[in-house]
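K.L.:
Residues per chain are reported as follows:
2 protein chains.
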Amino acid sequence: MSILEFYFDFSSPYGYFASTQIDELAGKYRYHVDWCPYLVGTAMKATGHQPLFNTPMFHDYVVTDVPRFARLLGVPFQLPESFPLVASAASRGYYWLQEQDPELAKKFAKCTYHTFFGEGRDISKSDELQKVAVDCGIDADRLIEATQDRRIKQLFKSKNDDALTKGVFGSPFILVDGEPFWGADRLYQVEKWLQSGGW
Amino acid sequence: MSILEFYFDFSSPYGYFASTQIDELAGKYRYHVDWCPYLVGTAMKATGHQPLFNTPMFHDYVVTDVPRFARLLGVPFQLPESFPLVASAASRGYYWLQEQDPELAKKFAKCTYHTFFGEGRDISKSDELQKVAVDCGIDADRLIEATQDRRIKQLFKSKNDDALTKGVFGSPFILVDGEPFWGADRLYQVEKWLQSGGW
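Quick note, the sequences are listed as chains A and B, same order. Per this note's numbering, the first sequence runs over residues 573 to 771. Per this note's numbering, the second sequence runs over residues 573 to 771.
What the hints contain is simulated information worked out from the structure, not anything from laboratory work. These numbers were taken from a predicted model, which means no experiment stands behind them. Hints are not guaranteed to be accurate.
Straight line, CA to CA, 30 Å or less: simulated DSSO-like cross-link-like pairs of lysine-lysine [unchecked claim]: (1) A:703 - A:738; (2) B:682 - B:729; (3) B:731 - B:682; (4) A:682 - A:617; (5) B:764 - A:682; (6) B:725 - B:764; (7) A:764 - B:600; (8) A:617 - B:617; (9) B:697 - B:729; (10) A:600 - B:764; (11) A:764 - B:729; (12) A:725 - A:682; (13) B:682 - A:764.
Simulated restraints, written as ranges between beta carbons of each label pair [as the list claims (entries may be wrong)]: (14) B:702 - A:600: 48 to 54 Å; (15) B:738 - A:616: 33 to 39 Å; (16) B:709 - A:639: 43 to 49 Å; (17) A:616 - B:706: 43 to 49 Å; (18) A:651 - B:706: 48 to 54 Å; (19) B:769 - A:713: 31 to 37 Å; (20) A:672 - B:751: 32 to 38 Å; (21) A:675 - B:770: 34 to 40 Å; (22) B:737 - A:643: 22 to 28 Å.
Even for Gly, the Cβ is constructed at its ideal location relative to N, Cα and C.
My request is simple: use the sequences and hints to build the entire structure.
P.N.:
Shown next as structure tokens:
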């Protein structure tokens with residue numbers, strides 16, 4: 573089975589939108605999706621950009637566009653009061669889980685996204701992340717411990733470095749056999765690429 | 573007939589892509605397209621962004637994405653050596669023509685885009701703009717004069733100010749009854765909005 577790399581930031585609503593569709597889309601063409609949470613902020617050191625929500629003009633657009641996009645997809649959405657945040661803890665928890673059980677890690681990622689953008693709860697807080705863990709049948713205390721574990725921190729840092737090396741700078745950012753696609757609007761191009769092998 | 577406002581920068585390949593589709597798309601729903609060239613650089617003073625082509629990481633993506641997008645749409649494309657440029661002269665020529673003959677102005681805009689991105693010729697040069705004029709049956713000398721005319725310069729400045737006031741910051745950027753859509757990937761959402769009156 574071929575691999576599609578799905579880079580996203582847990583603090584990105586467009587990443588959330590893509591996360592609700594990517595597995596089904598890729599599965600149709602017998603691609604397995606490798607979910608790769610990272611911090612878009614890492615790339616922003618190189619690009620000089622700020623989160624759109626904190627950028628003049630883009631802010632007003634995002635506030636209109638994001639709920640409108642959610643309604644179009646029919647996915648639950650509310651803009652969290654804590655948006656945008658640095659999603660290191662959730663990402664580290666994900667990679668800790670992935671070492672043990674990749675499918676459970678993916679379930680955790682989906683549940684984390686739902687908690688943040690579907691319910692507007694602050695996933696940078698340990699108690700919220702513990703609730704996510706419990707909902708997924710994960711040992712909540714061990715998960716929180718892992719988010720502070722030195723080895724896991726280093727693992728997550730290396731995942732961010734990998735993303736930078738591959739030229740990944742946005743969320744969602746998808747690599748199909750090395751071919752880059754940036755943005756939740758590009759899933760139709762990703763699908764066409766999977767279907768036809770390029771154009 | 574209702575009006576769809578189509579903001580674009582003659583130096584934007586994504587604006588070029590949208591320009592090849594927008595009239596046909598809008599016409600299906602009995603919308604008339606008001607073509608509004610402006611300088612994205614005006615908004616960049618507010619957003620602090622640089623052209624993507626001049627931004628680390630984005631640059632490499634754009635170099636892959638833009639020709640790939642052109643192939644998907646089946647439109648002629650080559651990245652001009654003079655890309656990106658400040659497209660003031662072409663934009664002023666457009667507004668001068670629009671005062672006299674809006675349809676001819678639109679023809680000039682399409683021909684200008686084709687000259688720049690379809691043939692890779694430098695539309696910031698008077699002789700290239702003169703050729704565009706001749707191809708469209710426009711008095712080339714008068715057009716070049718108009719691009720230096722004080723009143724036309726002021727008119728173009730006011731169009732840029734209007735764009736800023738309306739929150740326009742990208743290319744293409746489309747307003748449908750005040751609803752904003754940014755990007756060549758959003759034409760499917762524009763179409764859905766025209767079709768359904770919103771969601």
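K.L.:
Against each hint, give a clear statement of whether it holds in the structure.
P.N.:
How the hints compare with the structure:
A C-alpha spacing of about 34 Å is found between residue 703 of chain A and residue 738 of chain A, which places the hinted pair above 30 Å, so the restraint is violated. For the hint linking residue 682 of chain B to residue 729 of chain B, the alpha-carbon distance of about 21 Å falls within 30 Å, and the restraint holds. Pair hint residue 731 of chain B plus residue 682 of chain B holds up; C-alpha atoms about 19 Å apart against a cutoff of 30 Å. With a C-alpha separation of about 27 Å, the suggested pair residue 682 of chain A and residue 617 of chain A falls inside the 30 Å cut-off, and the hint holds.
Distance check on the hinted pair: residue 764 of chain B and residue 682 of chain A sit about 28 Å apart at the alpha-carbon level, within 30 Å; holds. Proposed proximity of residue 725 of chain B and residue 764 of chain B is contradicted: the alpha carbons are some 36 Å apart, above 30 Å. With a CA separation close to 25 Å, the supplied pair residue 764 of chain A and residue 600 of chain B stays within the 30 Å bound. Under the criterion of a C-alpha separation no larger than 30 Å, the hint pairing residue 617 of chain A with residue 617 of chain B is consistent with the structure, at around 20 Å.
A distance of roughly 20 Å separates the Cα atoms of residue 697 of chain B and residue 729 of chain B; the hinted pair therefore holds under the 30 Å criterion. Between residue 600 of chain A and residue 764 of chain B the CA atoms are separated by roughly 25 Å; this keeps the pair inside 30 Å, and the hint holds. For the suggested pair residue 764 of chain A and residue 729 of chain B, the alpha carbons sit about 41 Å apart, so the restraint of at most 30 Å is broken. Using a Cα cut-off of 30 Å, the hinted pair residue 725 of chain A and residue 682 of chain A holds, with the two alpha carbons roughly 21 Å apart.
Of the pairs offered as hints, the one joining residue 682 of chain B and residue 764 of chain A holds, with about 28 Å between alpha carbons and a cut-off of 30 Å not exceeded. Roughly 52 Å separates the CB atoms of residue 702 of chain B and residue 600 of chain A, a value that falls within the hinted 48 to 54 Å. Between residue 738 of chain B and residue 616 of chain A the beta carbons are some 27 Å apart, a value that contradicts the proposed interval 33 to 39 Å. In this structure the hint that residue 709 of chain B and residue 639 of chain A lie 43 to 49 Å apart at CB holds, the actual value being about 47 Å.
With their beta carbons about 46 Å apart, residue 616 of chain A and residue 706 of chain B fall inside the hinted range of 43 to 49 Å. Hint check: residue 651 of chain A to residue 706 of chain B, Cβ distance near 53 Å, so the stated range 48 to 54 Å holds. Against the hinted window of 31 to 37 Å, the Cβ-Cβ separation of residue 769 of chain B and residue 713 of chain A comes to about 51 Å, which falls outside the hint. Our hint of 32 to 38 Å for residue 672 of chain A and residue 751 of chain B is violated, since their Cβ atoms are close to 46 Å apart.
Taking the beta carbon of each, residue 675 of chain A and residue 770 of chain B are about 39 Å apart, inside 34 to 40 Å as hinted. A C-beta distance of roughly 27 Å is found between residue 737 of chain B and residue 643 of chain A, which places it inside the suggested range of 22 to 28 Å.
The structure does not agree with the numbered hints 1, 6, 11, 15, 19, 20 stated previously, though it agrees with the rest.
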